[in-house]
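> Here is how the chains run, residue by residue.
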Amino acid sequence: MKSEFIILATLIAVFLAASLNASPTGFATGGGTQSSGEQQKGNPNYGVIKGFLNFVIKDNGVVINTETPSNSNYIYFVKQSEELNWTATITCNTDIKGKVKNTDADDSGTVCTSIDYEDPTAYSCSATKSDGTSTTIYRTNTSVSSNNLGCFAAKIPSGNYDIYT
Amino acid sequence: MPKRSNQKNKLGSILIALGLLLALAGYVGIEPIASIVNPILKPIVDAITGVQPSQPASQDNNQPNAPNTPTPSSTSSEGSDRQSQQPSPQKTSQSDSSTSINSNLPQKVGSAVIFGGEVQRVELSK
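Which chain is which? The protein sequence lines are V and B, in order.
In short: position in the first sequence from 1, add 89, done, that's my numbering.
In short: position in the second sequence from 1, add 37, done, that's my numbering.
Chain V on its own, in the form it takes in the complex:
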């Protein structure tokens, strides 16, 4: 008796779903369309680095003065263990496309506030290593907007970087 009721209820459910052009199983039914919804996956090629820059004065290794930079400063991302010839020309003419939206660069709102960092947030640059060979580095710059002085957020390729400024 009980099993008969379950079978009957299942048949009714399938009938109703078919009459409504839907699929209780999740599979598309013949002759109809099935929306799978937006599928998202972490970008395997790029990440975002964000933060802020301070100018400091140290006394025997202890910071005794901190200053927020009032001008925009370049921040370079160099692949770890690569030594660059900084006196050689660095050419940054390739945008890394994409804005970084609604981001608080310090996560606390104390130094930076949530803003959009506009496209491009970083550039791909051609630089010269100490051994004279060419390499690729990435460059962003700190914000000069009020409430976000010294803050930055940049979309750059995934990898291990040394940061220079």
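Please keep in mind that the hints were generated in silico from the structure rather than gathered at the bench.
We put the beta carbon where it would ideally sit given N, CA and C, even for glycine.
Wrong hints could be hidden among the right ones.
Said to hold, decoys possible - Covered stretches of chain V, going by a simulated chain B footprint (3 or more residues, C-beta under 8 Å): (1) 140-146; (2) 157-170.
Stated by the list, open to error - In the BS3-like style, the derived pairs of lysine-lysine whose C-alpha atoms are separated by at most 30 Å in a straight line are: (3) B/K145 x V/K188; (4) V/K147 x B/K163; (5) B/K163 x V/K190; (6) V/K168 x B/K145; (7) V/K147 x V/K168; (8) V/K147 x B/K145; (9) B/K163 x V/K186; (10) B/K79 x B/K45; (11) B/K163 x B/K145; (12) V/K168 x B/K163; (13) V/K188 x V/K168; (14) V/K190 x B/K145; (15) B/K145 x V/K186; (16) V/K218 x B/K163; (17) V/K130 x V/K190; (18) B/K79 x B/K47.
Since the structure of chain V is provided, determine the placement of chain B on it from the hints.
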């Protein structure tokens, strides 16, 4: 009267002997006698030998900064840091300008590992 004259001669001999001893100690370099005696004797010796006092060889060691060496305040703060750590008394103006250029070169301020699809936060100090 002859007795007093003998006493004067004795005193004179003692003073001359003492002066010679001091001069010898200064010449040999026995401290602290040398440091006291040499400044007194040196001008006298220079005057006798004709050496110009403005070009004594020993002054090069005592004055590390050449007169035309720019003061630290004439360079950037980073440049002055380097100068204080590595004093270079014989720097020419050309080498000073290269120091100034180098001080503007980017400095390493941190490291980061960027994973695809993720956000990494850093705090940089320079």
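> Quick one: which hint numbers does this structure break? Sort them smallest to largest.
When the structure is compared with the hints, none of them turns out to be violated.
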